[in-house]
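Visitor: Okay, here's what each chain looks like letter by letter:
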Amino acid sequence: MTSPGSAPQSTGLFGRLSDRLSATRRALAQGFNELIGAGQPDAAVLEDLEATLLQADVGIDATARILETVKQSSGSAGTRAALRQALLDLIRPCQQPLAIDAAHRPYVIMVVGVNGAGKTTTIGKLASRLKTEGHKVMLAAADTFRAAAVEQLKVWGSRNDVPVIAQQTGADAAAVAHDALQAAQARAADVLIVDTAGRLHTQSGLMDELKKIQRVLQKLDATAPHEVLLVLDAGIGQNALAQLEHFHAAVGVTGLALTKLDGTARGGVVFAMAAKRPVPIRFIGVGEGIDDLRVFDAVEFVEALLPNGD
Amino acid sequence: MFENLTGRLQTTLKRLRGEARLTEDNIAEALREVRMALLEADVALPVVKTFIDDVRSKAVGQDVLTSLTPGQAVIKVVYDALVALMGEHNERLHLAVRPPAVVLMAGLQGSGKTTSTAKLARYLIEREKKSVMLVSGDVYRPAAIEQLQRLASQVGAQFFPSQPDQKPADIARAALEQARVSASDVLIVDTAGRLHVDAPMMEEIRALQSILNPVETLFVVDSMTGQDAVNTAKVFNEALPLTGVILTKTDGDARGGAALSVRQVTGKPIKFLGVGEKTDALEPFHPERLASRILGMGDVLSLVEQAQRTVDQDKAQQLARKISKGSGFDLEDFRDQLLQMEKMGGIASLMDKMPGLPKTPDAEQLQQGEKQMNRLVAIINSMTPAERRKPDIIRGSRKRRIAAGSGTQVQDVNRLLKQFTEMQTMMKRFGKGGMQKMLRGLKGRLPGMPF
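One line per chain: the protein sequences are V and Y, in this order.
Its first residue numbered 1, the first sequence is counted upward by one per residue in the working numbering.
Its first residue numbered 1001, the second sequence is counted upward by one per residue in the working numbering.
Excised from the complex, chain V in its bound form (with noise of 0.2 angstroms):
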């Protein structure tokens, strides 16, 4: 977006990304960097590493794991090494790229999560990403319950250079759902990317409306969505689990997005996800700016998280 307090930018990912992360690597390292020292962690060590892994949101079962791997370690840059193996065991599986498969054209990507988690941001920019590679987009406007929500996908849309189908607020959100797939069809589109109502995971009766828009999209290509990519923001703690949890039961969560990450002290949340459920993360949202929306890679994350150096 157009925010005038972006940080300073350095060029290249890497360097992007670390400096986006900058933030959490300085709290997490300087936890780290005081505990390992030379030698056998003891017991005093142990616990303040549970606090300051706690503290950035890991979770007590991630914790729990990567503990037991530090206390196996011996020597002291055996603890260090066994710290970054444990934390890059737990989210490598979770590197999986979205792939934009040419074999269903137009590949239906689904767009959900709790409210103000940032999914009409990240449709925003995804959009701008997928039609930099070349793909022909459109944008399904099915968020049709909060006030200004199909005009703020529209802005997007036209920021992009993409269509946008959309019906007024109060419309049925499957309905539009369907108008855009089938308009999509028509006009041979590559992508749709469908943003649908921030709603609580709680709330049964609008998770039935999700299947309902998931069914409908399905009358017109039976393997549609494709993608259904579950929108987290970062900043959340535990409650994560449940979201991700609530929403797999419902529509099938295939991708996660973890949007604000170039906070304080965030992302410990995604070793806590991937203890309990390895779903890909497809982004993650480092800043304000159109291209901010970066690939996750496991390696890089566990290195911004936790540098080599220092």
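Just so you know, the hints here were simulated from the structure itself, not pulled from any lab data.
Quick caveat: nothing in here was measured; it's all calculated off a predicted structure.
Backbone N, C-alpha and C fix where the C-beta goes; we use that ideal spot for every residue, glycine too.
There may be inaccurate statements among the hints.
[Unchecked claim] Listed next, the in silico SDA-like pairs over lysine to any residue satisfying Cα-Cα at most 25 angstroms (straight line): (1) Y/Lys1278 to V/Ala174; (2) V/Lys276 to Y/Lys1167; (3) Y/Lys1167 to V/Ala171; (4) Y/Lys1278 to V/Lys276; (5) Y/Lys1371 to V/Arg215; (6) Y/Lys1371 to V/Ser204; (7) V/Lys212 to Y/Lys1167.
[Stated by the list, open to error] Quick list of the computed label-pair ranges, beta carbon to beta carbon: (8) V/Gly252 to Y/Gly1407: 27 to 37 angstroms; (9) V/Ile60 to Y/Thr1421: 19 to 29 angstroms; (10) V/Ile60 to Y/Glu1332: 45 to 55 angstroms; (11) Y/Met1423 to V/Ala183: 46 to 56 angstroms; (12) V/Thr169 to Y/Gly1156: 12 to 22 angstroms; (13) V/His248 to Y/Lys1418: 36 to 46 angstroms; (14) Y/Gly1156 to V/Glu68: 19 to 29 angstroms; (15) Y/Glu1033 to V/Ala249: 22 to 32 angstroms; (16) Y/Ala1207 to V/Ala103: 47 to 57 angstroms; (17) Y/Asp1170 to V/Thr69: 48 to 58 angstroms.
Position chain Y against the provided structure of chain V, taking the given hints into account.
Guide: Just chain Y now, kept in the frame of chain V:
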């Protein structure tokens, strides 16, 4: 929101309750559990530490060990510590200044500022009879201004228009001037979401603050926030003279630890909770009641207040007359009762506040109950007025028509009629002084009941 935390704490404390004697050992064990429960609930670590230390020093003290019911004494200590942590009592908005009283909203992206702005406006218009003007200083997010404009017209607030190419400071000045001219009681200024580490954006809101000189500066926080709540709250609190907090999305299943953290870090009271999607879903925050709810002691006060606010007094009296006559309770009245419950926030909201319920049933079960209630209303709606007054005339073909009309089965209609008959019998008993008899019979048998 607090179900999980409540469950965990209740199990722990129940175990303590069973202990004949409390030693430092079993208190330490219980406190370890409390610590884990708080951490799982996303309460920030430093806050947890302070809390546990506080409870420990009091629990290990004389009061508890010499008490006849040590378990109860510990629960009291935890309760007091929770209340102390969250603030002693409800803090209202302080709007008693020369109008317009300005309220500035601040927070991260997606925390719920715009929705809360509209809810607050509706609250002030409906419950405090204020004239309210809204203005959006969010010139960054696409269609943010339009969103607030729509919400303003929904809740009946004046709207001061702004444009994305204006400077937020200029918008603020113009809105303030307009609010003075139009003699609005309150001007609520919505702002763009911003990260606390974004220096220019934090500078921008500081400038807005000094232009507007708001009487209330509210920090809007998502109740699902994790450990980071501490960092963001700290920076916002240092940058702005915050006067209070609005905690949003508390109708989910987040464990709500952010409530405890934000209060502790900022020292500023939580003034409101956002409890749903609609614009009337905003509740004043009562820390002492919430502590009761966390410990499973119920929140009867909120329930009573809610009843007074939403229940139609005339209808209630009409019904009371019917009941006392012992007759005339018909399906219309039954439907009114169901709708009344709906108005009070449905079964879930009622159950949540009821004391003595061992554990809040899970959300799905409750929603089944709500569905069931809606179905009953639908069935009654499908009857003719005559049928509602004299349900006895409902036979085979009428039943089929009602079932078809309400999208239910004949069995559902039968079940409703049976329930209604039972209720009618009960009502008749009440009417003939049965209520007093019933209660007299119970007296002495139920401990702790005030009759």
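Visitor: Indicate, hint by hint, whether the structure satisfies it.
Guide: We went through each hint and held it up to the structure:
no., hint, result
1, Y/Lys1278 to V/Ala174, "holds (21 angstroms)"
2, V/Lys276 to Y/Lys1167, "violated (46 angstroms)"
3, Y/Lys1167 to V/Ala171, "violated (34 angstroms)"
4, Y/Lys1278 to V/Lys276, "violated (33 angstroms)"
5, Y/Lys1371 to V/Arg215, "holds (22 angstroms)"
6, Y/Lys1371 to V/Ser204, "holds (11 angstroms)"
7, V/Lys212 to Y/Lys1167, "violated (43 angstroms)"
8, V/Gly252 to Y/Gly1407: 27 to 37 angstroms, "holds (29 angstroms)"
9, V/Ile60 to Y/Thr1421: 19 to 29 angstroms, "violated (52 angstroms)"
10, V/Ile60 to Y/Glu1332: 45 to 55 angstroms, "holds (53 angstroms)"
11, Y/Met1423 to V/Ala183: 46 to 56 angstroms, "holds (53 angstroms)"
12, V/Thr169 to Y/Gly1156: 12 to 22 angstroms, "holds (18 angstroms)"
13, V/His248 to Y/Lys1418: 36 to 46 angstroms, "holds (40 angstroms)"
14, Y/Gly1156 to V/Glu68: 19 to 29 angstroms, "violated (58 angstroms)"
15, Y/Glu1033 to V/Ala249: 22 to 32 angstroms, "holds (29 angstroms)"
16, Y/Ala1207 to V/Ala103: 47 to 57 angstroms, "holds (54 angstroms)"
17, Y/Asp1170 to V/Thr69: 48 to 58 angstroms, "holds (56 angstroms)"
The structure does not agree with the numbered hints 2, 3, 4, 7, 9 and 14 stated previously, though it agrees with the rest.
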